[in-house]
Amino acid sequence: MNIRTEQFKKQAARALKDKTMQEAISRASRRFSQNRTQAFGELSEAEALRTRAHEIKVEAIAHLDAYLEEFTASAQKLGITVHRSADGAEACRTIGDLAQAKGIEMVVKGKSMTTEEIDLNRHLEAAGIQVWETDLGEFIIQLAGEGPSHIIAPALHKTQQQVAALFSEKLGVPYYEDPEKLTMVAREFLRDKYFQAGLGISGANFALARTGTIVILENEGNARFSTTFPKVHVAVVGIEKVIPGLKELGVFLKLLARSATGQKSSTYVSLIQGPRRPGELDGPEEMHIVLLDNGRSRIRQDDEMRPSLYCLRCGACLNVCPVYQRIGGHAYGWVYSGPIGSLVTPQFLGIQRAKYLPMASTLCRACAEVCPVRIPLPDLLLTLRRRIVEQHGLPWLERKMMESWGVCQTSPGSYQAALGLARIGEEFTSGLLPAGVHLPEKNFHRIWEDGQV
Amino acid sequence: MDKSDWLDRLELELKALQAQTFRAGDPAALKEILLSLCRDSPPEAIAREDRPWLEKLELDIPVYKPPAYRATDGLPPGNGQWKFLQGIAVGITGVDYALADTGTLVLASGQSGGRGLSLAPRHHIALLPLERILLSLDQFLDLYPQGESFLSQGSAVTFISGASRTADIELNLVLGAHGPKELSVIILCFPVGIAG
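If you read the protein sequences in the order shown, they are chains A and B. The numbering used here puts the first sequence at residues 1 to 453. The numbering used here puts the second sequence at residues 1 to 196.
Calculated from the structure, these hints are not laboratory results. Some hints could be false.
Said to hold, decoys possible - 25 Å max Cα-Cα, derived SDA-like pairs, lysine to any residue: (1) K10(A) - K193(A); (2) K15(B) - E44(B); (3) K181(A) - E11(B); (4) K181(B) - Q301(A); (5) K181(A) - A89(B); (6) K247(A) - Q20(B); (7) K247(A) - C408(A); (8) K247(A) - E131(B); (9) K247(A) - E32(B); (10) K15(B) - L43(A); (11) K355(A) - R300(A); (12) K17(A) - L363(A); (13) K15(B) - E42(A); (14) K170(A) - E170(B); (15) K77(A) - K15(B); (16) K247(A) - K3(B); (17) K15(B) - Q391(A); (18) K102(A) - K193(A); (19) K77(A) - E131(B); (20) K17(A) - E170(B); (21) K77(A) - Q20(B); (22) K181(B) - I129(A); (23) K247(A) - G147(B); (24) K181(B) - L43(A); (25) K10(A) - R300(A).
Claimed, not checked - Which residues of chain B face chain A? A few of them, derived with a C-beta cut under 10 Å, are: (26) D2; (27) S4; (28) T21; (29) G25; (30) E55; (31) L57; (32) L59; (33) I61; (34) P62; (35) Y64; (36) K65; (37) G87; (38) G103; (39) G110; (40) G114.
Don't be surprised by glycine CBs; every beta carbon is placed ideally from N, CA and C.
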């Protein structure tokens, strides 16, 4: 998708006026977060699990090179071809070349934020390959020509009427508003594609170093179809997804679905370890894994920002974020939105291109409260803000305000004088302030002097 | 929780996931349940897996066997030979383990012969031997302290918790997004003679 992070302010302002989108997003995210709260309430030792998950990630990322080496060797032993890609362009080239060498004309895809990140579809389509997103939400936004507005529910911003109009326009079906009917339209349409496609592409939620297994969580079954029927399966896996093994996976499986949708488990958790084996009736003949760096090693070298790599992409931080709830995902201007988007986008694209994003936080800490791996999101956002100020300085108005604030604070006299001025100023500027915002009739000093405390 | 409570817990969790559950006390009861579940499907639209202990049940249901899968040189467009799966409305599989506290069925492709029969048919009927019910994911993972033993389970080990579902349109829950619309679990409360 096109990167529009520079226009964050304009996009956020526009989003604030889009009541339909706002209502759809805030209703859905509130429901997700209520479900999460309930699921965590029923999970014994939830807090200890979060701590354990954090520790596993700290250790795995600290020794990432060794784990990647182990994972690669394990996967190769299973007959999987492992590719390392330094950036998105290289990953796209690897996959595109593979498809072309095999004469593949059609690709089916399971939902994957990593492939959104590297804009894989556009690359494959430019090479003349037909690409079908098969997750219902992804399918909807593909037809609409949009990017995801939420990490786990990419079409959250669309109403059923909008989907009905879209399907009827693009797929030539009657206008059905019923979500069940619409889902069946997509099911029928995509079912054939799984059997026609020569290549299935998936992401992965985890990669297990000890066994070479990749793990994919989903509810619809489209990822299972995409990784079972096409003759070639390619999994695009960010290098930060590697964890030691099954035991550690157990910790994350208890946390991930609960954090994302409030489910105890996703409907399908696929542990895939290689192509079809002798004696098995189905499964791909060939399996490839593309281990994608695309800036992750750089983030890892940055001691302050390293915890950004612990993210599981569950979306829980979006669902509780007062900023996300009002502006939705598209305003952020790229694939990752909400607090985690504000954190990782400037690191992936460069602070220059996304310098407004770290400001899109009230620092209320709700995100840190729900993060299943305890990423200190607000602290990391503050670090980014500090760096932006160090690089670019403060805007003129903010600098002047801070200087004046400093002067006001030097003595009680100047503070009182400033308050007096503010009171006069309020008379003239009352129309500029939002309704209900005004200075109190008496300030604290006066109340104190009057003995009313 | 007592081991005898695991079955109750499993049934409770499966019901919460909109799955049907049945208990079969003997092979005759199993056949009766299957017959009633398959009532609306013609015999040619029903297929079962080929695992040894399922064989012994003598269910009189054809084995899932797609037309010969050829390891072709190069890859012709289209995997047409798999389309036959479209004609199967009911897929009957065994279950390797069930995890009671999440209502999860574990199916290993190496044990079950593949990945597709629990996925493509509209109705998935899973036959679960009583002794294969575990309480939790942790208990399951503890069975595989060594990676090798887990790898030997096959190219795909799938955890299934309920029928395929989506809520991508305004959070309306719809079953049968891509995979089965219905999941029925029959718990076999009699010895089925699983080797190992």
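For this session: Against chain A, run the beta carbon of Y64(B) and see if the smallest gap drops under 10 Å.
Result: holds (7 Å)
Holds or violated: K247(A) to K3(B), with C-alpha atoms at most 25 Å apart: Measuring from Cα to Cα gives roughly 23 Å; hence the hint holds.
query = Hey, K181(B) versus L43(A), does the alpha-carbon distance stay inside 25 Å?
reply = With Cα atoms ~28 Å apart, K181(B) and L43(A) exceed 25 Å; violated.
Exercise. Against chain A, with CB atoms and a cut of 10 Å, does the hint on G110(B) hold up?
Worked result: holds (7 Å)
Q. Has the given pair, K181(A) with A89(B), been kept, meaning a C-alpha gap of at most 25 Å?
A. holds (19 Å)
For a C-alpha distance cap of 25 Å, please report whether K77(A) and E131(B) respect it. Outside the cut-off at roughly 33 Å; violated.
Is the straight-line distance between the alpha-carbon of K15(B) and that of E44(B) 25 Å or less? Not satisfied, since the Cα-Cα distance of roughly 29 Å exceeds 25 Å.
Hint status (Cβ of G103(B) to nearest Cβ of chain A, threshold 10 Å) = holds (7 Å)
(message) Hint G25(B) vs chain A: min CB-CB distance below 10 Å?
(response) violated (29 Å)
message = Hinted pair, alpha-carbon criterion (25 Å max): K181(A), E11(B). Please report holds or violated.
response = violated (29 Å)
| said: Under 10 Å is the threshold here; is the Cβ of I61(B) close enough to any Cβ of chain A for the hint to stand? | reply: violated (16 Å)
Starting from K355(A), check that the Cα of R300(A) is at most 25 Å away, please. With a Cα-Cα distance of about 20 Å, the restraint between K355(A) and R300(A) holds, given a limit of 25 Å.
Checked against the numbered hints listed earlier, the structure breaks hints 1, 2, 3, 4, 6, 7, 9, 15, 17, 19, 21, 22, 24, 25, 26, 27, 28, 29, 30, 31, 32, 33, 34, 37; every other hint is satisfied.
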